[in-house]
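Visitor: One-letter residues, chain by chain:
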Amino acid sequence: MSRILKAFENGPAFIGFVTGGDPTLESSAGFIEAMADGGADLIEIGVPFSDPVAEGPVIQEANLRALKNGCTVDGIFGLVEAVRQKHQVPLVLLTYLNPVFHYGYERFFARCRETGADGVIIPDLPYEERGELSGIAAKNGVDVITMIAPTSASRIRMLAGEAKGFVYVVSSMGVTGVRSEIETDLESILAVVRDSTGTPAAVGFGISTPEQALRISRLADGVIVGSAIVKIAAQYGAGAAPHIREYVRTMKDAIRQGR
Amino acid sequence: MSKGRYGVHGGQYIPETLMSELIRLEEAYEFYKNDAGFKRQLDTLLKEYAGRPSLLYFAEKMTRDLGGAKIYLKREDLNHTGSHKINNVLGQVLLAKKMGKTRVIAETGAGQHGVAAATAAALLDMECEVFMGEEDTRRQALNVYRMELLGAKVHPVMSGTRTLKDAVNETMREWTRRVHDTHYVLGSVMGPHPFPMMVRDFQSVIGREARAQMLEREGRLPSAAVACVGGGSNAMGLFYAFIPDETVRLIGCEAAGLGLDTGKHAATIAMGSPGVFHGMKSYFCQDEYGQIAPVYSISAGLDYPGIGPEHAYLHDTGRAEYVPVTDSEAVEAFEYLARTEGIICAIESAHAVAHVRKIAPSMGPDEILLVCLSGRGDKDVAAIARYRGVDIHEQDS
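Going down the list, the sequences are from chains A and B. First residue of the first sequence? That's 1 in the UniProt record's numbering, and the numbers climb one at a time after it. First residue of the second sequence? That's 1 in the UniProt record's numbering, and the numbers climb one at a time after it.
Read the hints as simulated data drawn from the structure, not as lab findings. All residues carry an ideal CB built from backbone N, CA and C; glycine is no exception. Hints are not guaranteed to be accurate.
To be verified - Here's a subset of chain B near chain A, in silico, CB distances under 10 Å, partners left out:
hint: 1; residue: E148
hint: 2; residue: G151
hint: 3; residue: E174
hint: 4; residue: V276
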């Protein structure tokens, strides 16, 4: 069984996100360790991009801080390698397509395999365009995570049917960022997903509080939190690790209650 | 491979949240482009409202002065709202209305597309919000006020480089927030399919008219068709009708800013490399890790790090050629056209005029150069004055 699937074995998973290289690659390694210590079952590492069109202001700014501090794709692979030496927590890279395309698909997925990245989430690569890299990713044992949106409707079966690793269900319209309310009918979307695939489904976008995490964990196999963690990193900078550990622990505790 | 390909370029590289909408948009476009009622309505708007057909003007003084090829100007600057942008927005806003949308959003660089979108929205009773880089709202303050007069809300974009690229990012973000009642009126032959095809089709009226006018006036086709290229909508609109005419050279003029070797330019074909951004595969100005580069041009409308995918394809196949033109060459051409022909053209269009000044003298008198004058230059007068160090600040008397 893959590391990603294992993350979903013991009840609903907590998935934490951090932008790689914000503020430095060393601090990112500390944040990832803190998340793992706090109980995160899977960790997404954002590959900084100049123009993250699917992100709200919090992660946009984290991307720009990381780039300003010189973070590169090779730096991110170095980070994965460093974390992998100490931890078996599944690591998934969230990246826009252009850095992958520019690096070269063969070279990028080979580096994922060599360093120990288990999957990739590419927000600007919809189902229709996946063919150009899915074979290369599969050859290297890297899962390309399928995203499902509130607008996917009749597409859900087609999308979920081919999902590997986990299905990323986008909770809300718009971009990433903390929201007070999630209005999408997640129950019906998740019902169709479950009916189409045995791959676990995690919900992300807009989740920040333990109450929201608890509610989502009753519906889905995993809860994804990004902007709320990146906000803590922005607030405390290089010293954010203990705060991130504490936050992740609180969220994971809330999810455990839901079981 | 997916739809909307031009060789390896094009495609639909956008978040899943927008995929269903793009599919609906393509279906609606494919239906209405052949619908007699839609075509009649659009033709009437283009004729009665936008002022089409636009003139094909023989620039006799310029021809004599340059002493080579005969020069004809396709006067898109005379359209309502002052540029070719109206051709596309009337088509798209009308289509959006047919699709049941009540609100349109648009990005704008120089403000020409924003003004055109706000105009079409006012005419066709749609809400309109325009996203414009904060830097551009200062460079083009007059156009901001113009859009507001037309009833649009203008959002200054504070992210990234605060120019056209960031305005596109923010408009895409807004579309993913609110897609059910909103159409994104993309302003150029770029973005995910079906936009490059749809915008080209709506702009292709430029080349269709020019080709017929040229045959009527001269009984033959031009040696070359020349247009400025940012995203490339006026160029694609001009070129499209001439693609099968292999004797007609197609020349796109890119913004070389302060010069290709200064790093301060927006010359995508000359200096860019293949990439995937803003929904399309094409050429982009970017660094060795695929980070989109900050670009620069005196012209806010050409200040874009990419180029439409069909241009990328025309470049790959060699059917069209793309040449760099610097700020100073464009400013000189802007002033030259004003003095010589009494036409103040947009600084974007002046890039095409500048290239014509370079190539016309070495061509024979039996040759013809067709130039797309994509917009008028009222919006640029203050910037050119600043460039020349002239203070024209208006004061209360």
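Visitor: Now tell me, hint by hint, if it's right for this structure.
Guide: Cross-check of the supplied hints:
no. : hint : result
1   : E148 : 25 Å, violated
2   : G151 : 25 Å, violated
3   : E174 : 8 Å, holds
4   : V276 : 5 Å, holds
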